[in-house]
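Colleague: Chains as they are written, first to last, in this note's numbering: chain A, 1 to 308; chain B, 1001 to 1504.
Derived by calculation from the structure, the hints in this document are not laboratory data. Treat the hints with care, since some could be wrong.
[Stated by the list, open to error] Covered by chain A, per the in silico footprint, the following chain B stretches (three or more residues, Cβ under 8 angstroms):
#1 1106 to 1119
#2 1123 to 1131
#3 1216 to 1228
Glycine included, each C-beta is placed from N, C-alpha and C at the ideal position.
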Amino acid sequence: MPLFLLKRLGQALVAIFGVMTLVFFIQRLTGDPTYLLVPETATQEDIEAMRASLGLDQPLLVQYVAYLWDMVRLDFGRSYVQNVAVTEIIASRLPYTLQLAGGALLVAIVVGLPVGLALAIWRRHRGTNLLMGLVLGAQSMPTFWSGILMIMIFGVWLGWLPPSGSGSLAHLVMPSIALGLLSMATYARIARSSVLDELSKDYIRSARARGVGTGRMVRTHLLRNSLIPVISISALEISQLLAGAVIVETVFAWPGLGQLTVQSVQSRDFVVVQGIVLLGAFVTISVNLIADILYSVVDPRIRKGDGP
Amino acid sequence: MTKTTKAARLALPVAICAGLACAVQVSPAEAKDRMVVDLVNEPATLDPHQQWNPDSYYVYRNIFDNLVTRDNDGEIVPQIATEWERTSDTETVFTIRDDVTFHDGEPLTPEDVVYSIERITDPDFASPQLGQFNKIVAAEVTGENEVTLTTDGAYPALLAQLVKLSIVPEHVASETSAEDFNANPVGSGPYAFESWDRGVAVTLSRNDDYWGDAGPFETVVFRGVPDAATRVADLQAGNADLVVTLNTDLAAQLESGGRGKVLTVNTERVAYFPMNGAKPPLDQPDMRRAIGYAIDREGIVEGLLGGYPRVVDQMLSPAHFGWSEEIEGFEYDPERARELIAGVEGAGTEMELATSPVYDQRVVQAIQQMLTDVGLNVSIETTDMATWLQDQQTTPDQAPMLTFSRWSCACQDPDGIMYPLLHSSSNWSRVNDPEIDALLDEARSELDEAARADLYAQVNRKALEEAYILPLYQAAIIYGAAEELDWQPTSNESLFLNRMSWNE
Chain A
1 MPLFLLKRLG
11 QALVAIFGVM
21 TLVFFIQRLT
31 GDPTYLLVPE
41 TATQEDIEAM
51 RASLGLDQPL
61 LVQYVAYLWD
71 MVRLDFGRSY
81 VQNVAVTEII
91 ASRLPYTLQL
101 AGGALLVAIV
111 VGLPVGLALA
121 IWRRHRGTNL
131 LMGLVLGAQS
141 MPTFWSGILM
151 IMIFGVWLGW
161 LPPSGSGSLA
171 HLVMPSIALG
181 LLSMATYARI
191 ARSSVLDELS
201 KDYIRSARAR
211 GVGTGRMVRT
221 HLLRNSLIPV
231 ISISALEISQ
241 LLAGAVIVET
251 VFAWPGLGQL
261 TVQSVQSRDF
271 VVVQGIVLLG
281 AFVTISVNLI
291 ADILYSVVDP
301 RIRKGDGP
Chain B
1001 MTKTTKAARL
1011 ALPVAICAGL
1021 ACAVQVSPAE
1031 AKDRMVVDLV
1041 NEPATLDPHQ
1051 QWNPDSYYVY
1061 RNIFDNLVTR
1071 DNDGEIVPQI
1081 ATEWERTSDT
1091 ETVFTIRDDV
1101 TFHDGEPLTP
1111 EDVVYSIERI
1121 TDPDFASPQL
1131 GQFNKIVAAE
1141 VTGENEVTLT
1151 TDGAYPALLA
1161 QLVKLSIVPE
1171 HVASETSAED
1181 FNANPVGSGP
1191 YAFESWDRGV
1201 AVTLSRNDDY
1211 WGDAGPFETV
1221 VFRGVPDAAT
1231 RVADLQAGNA
1241 DLVVTLNTDL
1251 AAQLESGGRG
1261 KVLTVNTERV
1271 AYFPMNGAKP
1281 PLDQPDMRRA
1291 IGYAIDREGI
1301 VEGLLGGYPR
1311 VVDQMLSPAH
1321 FGWSEEIEGF
1331 EYDPERAREL
1341 IAGVEGAGTE
1351 MELATSPVYD
1361 QRVVQAIQQM
1371 LTDVGLNVSI
1381 ETTDMATWLQ
1391 DQQTTPDQAP
1401 MLTFSRWSCA
1411 CQDPDGIMYP
1421 LLHSSSNWSR
1431 VNDPEIDALL
1441 DEARSELDEA
1451 ARADLYAQVN
1461 RKALEEAYIL
1471 PLYQAAIIYG
1481 AAEELDWQPT
1491 SNESLFLNRM
1501 SWNE
């Protein structure tokens, strides 16, 4: 076990190093941020002074080594634009992104699962076609459009919810729904096929033969058994939600990491982008690492290296 | 499951929704003391000597006083300096107000003024705004409440630049790091910094000890709302009282009904179209003149920009010093353009028109179409802003052949726009004309206003005659405001809160 763990840990470190290197070079390929940081009226000397103060006048390799050394010391640098420590900027935005992802996941599960269940159980009922259409519609709506639509209806016409911003539970409602709609459809589809799968199994047939009613059968037999694939896609959905948040956060002026990413890429704030990407890589790789370890606990063949 | 439990299960969500709705509807009612401004992004900095972009100075110009300012008519008027006198070609003596205190209670002294100038011009401080102030070579306290500034040679644009010089307190800024000062700025302006919730909002509160009129708002919140349609929705829902940077479509939506109104002003930002004379066929004056005749500027302004901007024929706007009513440029005349093109060698060469998504692409595409209509071959090259800026700030033989761009020096002085765009020593300039260089150099140190204005008029006439660069229009800025807000926006794109009021 420890050897396997060490191996996996080593792989994770290599992956993080790879991401660090990639993000460093890809960003620098896009060009020089200095021109965005000085006013139009800046002279060539001003531009060079600014470039030197950011350390961007150094050869790329020197910058890269300095960057790696900073990373080793866990010094993530300061934003070019805001001149504030990146860790501070990300720490102030992260809670908002987590709130939004949580809200969206709640919407997706609370709406998606019952819909999927209904679609499977009453699959021959005419109403399910309509429901299926609604699910497809929800999934097909781009979030920038559904977001603005909701803002117009609930924010401007009805005045029920604040159109944008953050600060209260009410602010969270619309962004969560806009972001959750996509995942909701995925949950509904997965739940539907998983329930259909279970419905065709022997134990359901015998339960029915025993005279178990639909309600009880769903509660005691079906639900638990069909939840397994739902749980395993949740890990995927969470990363999807974090990615989808870029647009939703911009439309609703929700101050999360997605909005920060867009702004930082636009202003070529390399240091902030590096920080965000590194955080994303760290989270993804950690989740995978944990999953790998859990699998190996369950299935000893993976541990020995001759697994499926 | 009984009916009652079902009802109970329904009751909770309904109650929560109702509660949320109530919570929200209360807020607009109390909005009178609290003013909310939707910016595009949150400020980059609140240290007025650091980053310099609209979202930052919209906020920090309310926290800090400047040495001088411009009134709503664009005249330079006293702020921290009550009067000034030019004692020699290079020296100007400023009298400093003696009744100003910073938000921490300390008085504002002439030493603070000197410190502010030394801070922003210190090369080690590396202010992005250095280029606007580096003509000032010395600042000294020369008497009680007196500061003398010395410039490197005669410098007529001094006051126009000092409009942007914010006074920071020496006892705070010199004691703390630039980062701490940015996180906790102390100024002497009508509004004091209260809090900066990163990524969310900056909150200012009225400085009741302000020496002048501080305006009616107890607290003012500046939020970053990147999506323009969301900003309009905020305004219409009463969630914001003032929103910035709307396009003409959203302005039309706002005017066509619902809450809120459109406020607009023509700024000192001039849209222009430089033609790179270093590259054939643009080295032939007739080719450049043909382009001048081919572009229908009235059509662009009326058809695409809602009629807000004003067509200009000189590289200035009426908001600038030196604007001349007498200069007339190219009329839209596609026939004339075709005739000229017929006599140009290699007129069919493919020419790239450099642009960036920041600029209005409808205008860029309209220009391409107009040039295609008279038989030219123009391709649009779109790059991101940083690349575009880099491509522009180079020598003419490297620069793109055609460019659509807009320029503001935020100084309303011709030196800030014509020197960078027309003088051969500037990175931005595509012009290499010794006569224009000489005129610009002379104007840069001509202290007599009438003579100086005349020099710039000569430059404009020469530039038109040779068609080096086409002035297009004086850009408009469109704000959305609550019906109850009274405010006259100014050409320098500032949001001075103490010049706004509720109209009840």
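Colleague: Let me make sure I understand: some of the numbered hints might not hold for this structure. Which ones are they, in numerical order?
Modeller: 1
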